[in-house]
Amino acid sequence: MAASRGPGFPRYVHRMSRSVLIILAVLSGGCVLCGGSVVVLGLLGNTLEQGPTEGAAPTSSGAHPPELVGFWSSGASKLALFEDGTAKKWLRHAWDGSNTGNTCRLEADLTGAWHGGDGTLSLALTEGRWVDCRGEQTFTPTSDRYSWRLTFASGIGKKVLWLDDGRGETGYNRECEAPAGCAFEPKPIE
Numbered sequence: 161m162a163a164s165r166g167p168g169f170p171r172y173v174h175r176m177s178r179s180v181l182i183i184l185a186v187l188s189g190g191c192v193l194c195g196g197s198v199v200v201l202g203l204l205g206n207t208l209e210q211g212p213t214e215g216a217a218p219t220s221s222g223a224h225p226p227e228l229v230g231f232w233s234s235g236a237s238k239l240a241l242f243e244d245g246t247a248k249k250w251l252r253h254a255w256d257g258s259n260t261g262n263t264c265r266l267e268a269d270l271t272g273a274w275h276g277g278d279g280t281l282s283l284a285l286t287e288g289r290w291v292d293c294r295g296e297q298t299f300t301p302t303s304d305r306y307s308w309r310l311t312f313a314s315g316i317g318k319k320v321l322w323l324d325d326g327r328g329e330t331g332y333n334r335e336c337e338a339p340a341g342c343a344f345e346p347k348p349i350e
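Residue numbering for the sequence shown is 161 to 350, as defined by my numbering.
The reader is advised that the hints may include incorrect statements.
[Said to hold, decoys possible] With a straight-line Cα cutoff of 20 angstroms, these simulated PhoX-like cross-link-like pairs (lysine-lysine) come out:
1) K319 x K238
2) K238 x K318
3) K347 x K238
[Said to hold, decoys possible] Cβ pair distances, simulated, as ranges:
4) R309 x I349: 28 to 34 angstroms
5) T280 x T300: 19 to 25 angstroms
6) S303 x C264: 25 to 31 angstroms
7) T300 x R265: 16 to 22 angstroms
8) L266 x D325: 16 to 22 angstroms
Simulated from the structure, these hints should not be mistaken for lab results. Backbone N, C-alpha and C define an ideal beta-carbon position, used for all residues, glycine too.
Given only the sequences and the hints, what does the whole structure look like? Please build it.
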């Protein structure tokens, strides 16, 4: 770093960056000792808000914001948002009986449409198939509206889509930029 300093380079900048590194090293060491290394990764991983650029015109309510297009995964729940407004959603959750003695599954393959604008995302699932512990269930179309925001999780190197339905917020990692043919897409329900 000393080689990059010119004659006008302020000394306090060098001291300040060295101080920041020392503080981070102390925090990191302290958290590792107490088993909180994940907290340090969260602090160092500084998520960056992604959203409409300042001064950009808001998208219309029937639009399909390109930053939302992709294949998104949140554990047992998967969501594919296509450029043409088509949406697919999957749910794969199984209980193996290890904690309760009960074995069960909850699975869904759902399709419909989506659109977004002004920080909201509407998802209308019009066709689908549900299977639960009792077997095949009748599908009832649903329509949900979420507020959304995008962040970047540098710790895992992925964009995260946060959907808030008013009861809570769920984060979906973007697994594929193109929603079609993503390796994370579940196999159809048997």
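Verification of the supplied hints:
| no. | hint | result |
| --- | --- | --- |
| 1 | K319 x K238 | holds, 15 angstroms |
| 2 | K238 x K318 | holds, 15 angstroms |
| 3 | K347 x K238 | holds, 12 angstroms |
| 4 | R309 x I349: 28 to 34 angstroms | holds, 31 angstroms |
| 5 | T280 x T300: 19 to 25 angstroms | holds, 23 angstroms |
| 6 | S303 x C264: 25 to 31 angstroms | holds, 27 angstroms |
| 7 | T300 x R265: 16 to 22 angstroms | holds, 19 angstroms |
| 8 | L266 x D325: 16 to 22 angstroms | holds, 18 angstroms |
Checked against the numbered hints given earlier, the structure satisfies every one of them.
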